[in-house]
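Based on the hints, put chain B in the right spot on chain A.
Heads up: the protein sequence lines correspond to chains A and B, in order.
Under the working numbering, the residues of the first sequence are numbered 239 to 426, in order.
Under the working numbering, the residues of the second sequence are numbered 239 to 426, in order.
It cannot be assumed that every hint is accurate.
As the list claims (entries may be wrong) - From the derived model, a few chain A residues whose C-beta atoms are all more than 12 Å from chain B:
| id | residue |
| --- | --- |
| 1 | A248 |
| 2 | L261 |
| 3 | T287 |
| 4 | F322 |
| 5 | E334 |
Unchecked claim - If you want the footprint, here are the derived chain A segments under chain B, 3+ residues with CB under 8 Å:
| id | stretch |
| --- | --- |
| 6 | 300 to 310 |
| 7 | 335 to 343 |
| 8 | 367 to 378 |
| 9 | 395 to 408 |
Just so you know, these hints were derived from the structure itself, not from any lab.
Every residue, glycine too, gets a C-beta built ideally from N, C-alpha and C.
Number of protein chains: 2
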Amino acid sequence: MDLFVERGYAHTTVGDIAERADLTERTFFRYFTDKREVLFSGSKVIEDTLVDVISSAPKDAPAFELVANAFEVAGAELQGRRDFSYVRARYAIVSEHAEVQERELIKLASLAAAITQALLARGVSQPDASLVAEAGIAVFKVGFDRWVNAKKPGELATHIRAAVDVLKAVMAAPPQVARTQRMSTKSK
Amino acid sequence: MDLFVERGYAHTTVGDIAERADLTERTFFRYFTDKREVLFSGSKVIEDTLVDVISSAPKDAPAFELVANAFEVAGAELQGRRDFSYVRARYAIVSEHAEVQERELIKLASLAAAITQALLARGVSQPDASLVAEAGIAVFKVGFDRWVNAKKPGELATHIRAAVDVLKAVMAAPPQVARTQRMSTKSK
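Next comes chain A alone, as it looks inside the complex:
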C-alpha cells in the first residue's frame, strides 16, 4: 500500500511490490494471483468472521438481525486491523481503477454467497437466505462508504448499524398502509 501511495497504483508493478517486501516474484505469486489481490488480503478474514458469528448465534435469532450483527462485528475487526489512512488510500484506489472495482464487486458477491450458505446451514429457507445476505451486503457497502467519507469517521460498526436502521425504516412503509392510516386519521 505504501508503494501504491508513493508511485500510484497504475505505476506499481508486481516486481516493485515483491522487492519492497523482500520476496521473489515467484513467492509473490504463491500468495497473490495478481496485483489487485494485494488490496483484498483481508477479505478472507471478513468472510470467516461473518460465517463464525452467523453459525454460532442462538438458534432462534432472526436472520437479518444476525447478519447485521455479524457485519458490525466484522466491521469492528476490520477497523482494529487497519489504520484509517490505509483504508482511505485503498478506497481511493478502488474508486479510481475499474479493474480493482471489478475485483471488489466479485469479493462482495462471494461474501453474499458465503453468508447465504451459512444461513441455509442454520435452516433458513430460500429466497430468505439470499435476500438477507444481499441486504447485509447493502448495509455494509453503504455503512462503509459513509464511514470512509465522514469528516469525523468514528466507528465503522456505528455506521453499519445506522444503515441497518435506515433500511428497516424505509422497508417498513408500504404505500397502502401509509395512505389508509392518513385517511383514517383525517376522518376521525
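Here is chain B on its own, set in the frame of chain A:
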C-alpha cells in the same frame, strides 16, 4: 446468442458475430466495446425504464415501494422483449464465465447508481437513496434468479414482487419485538 449457443461462448469470436450479423468488425466495435457487451445490449433499456418510473411517480410515494414497482415494470418489459430460451441461455453463459459475471456485477452497480440519482432528484436523502437502490437490486437479482431457475417460470414481475414481500418480512422482525409479542400472547 444463436452463435454462443451453437459454438459455445468461449469459442465464438467477434469476427464470427460480425459475420453472422452481416457487419464488418469495425462496425461491430462502433456498437459494442467487446464480445461480452453483446450480452448486455438490453441493460440501457432497463436503466431508462427504472429511471422513468421512479421520476414520474407521485411525489409522496414511499421510496422503496417506488423502486420495487419500477423493477416490476422493468421485469415485465424485459420478459416481453426476450424469449425465455434466450434468457436461460444468457444466464448459463453469465454463470459459467467469470469475466461475463464481472461485467454483470458492474452493470448492476451502475444500475444502483442510476436509481440512487433518480431518488436524490426526487428529494430522497442519503443514505436512504443508496440503501433503497441496493435493496431494489437485491430483490431484482433474487427474483430474476428464481424466475430463470423455476420449473414453471411464469411472470418475472411476480417473482420480483415475491422477493419484495419476503425481504420486507425478514426486515420487519427485530428480535426484541418478536420475543415481546410472543410473551405477551402467552400471558393473555
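| Does the structure break any of the earlier hints, and which numbers would those be? | Violated hints: none; all satisfied.
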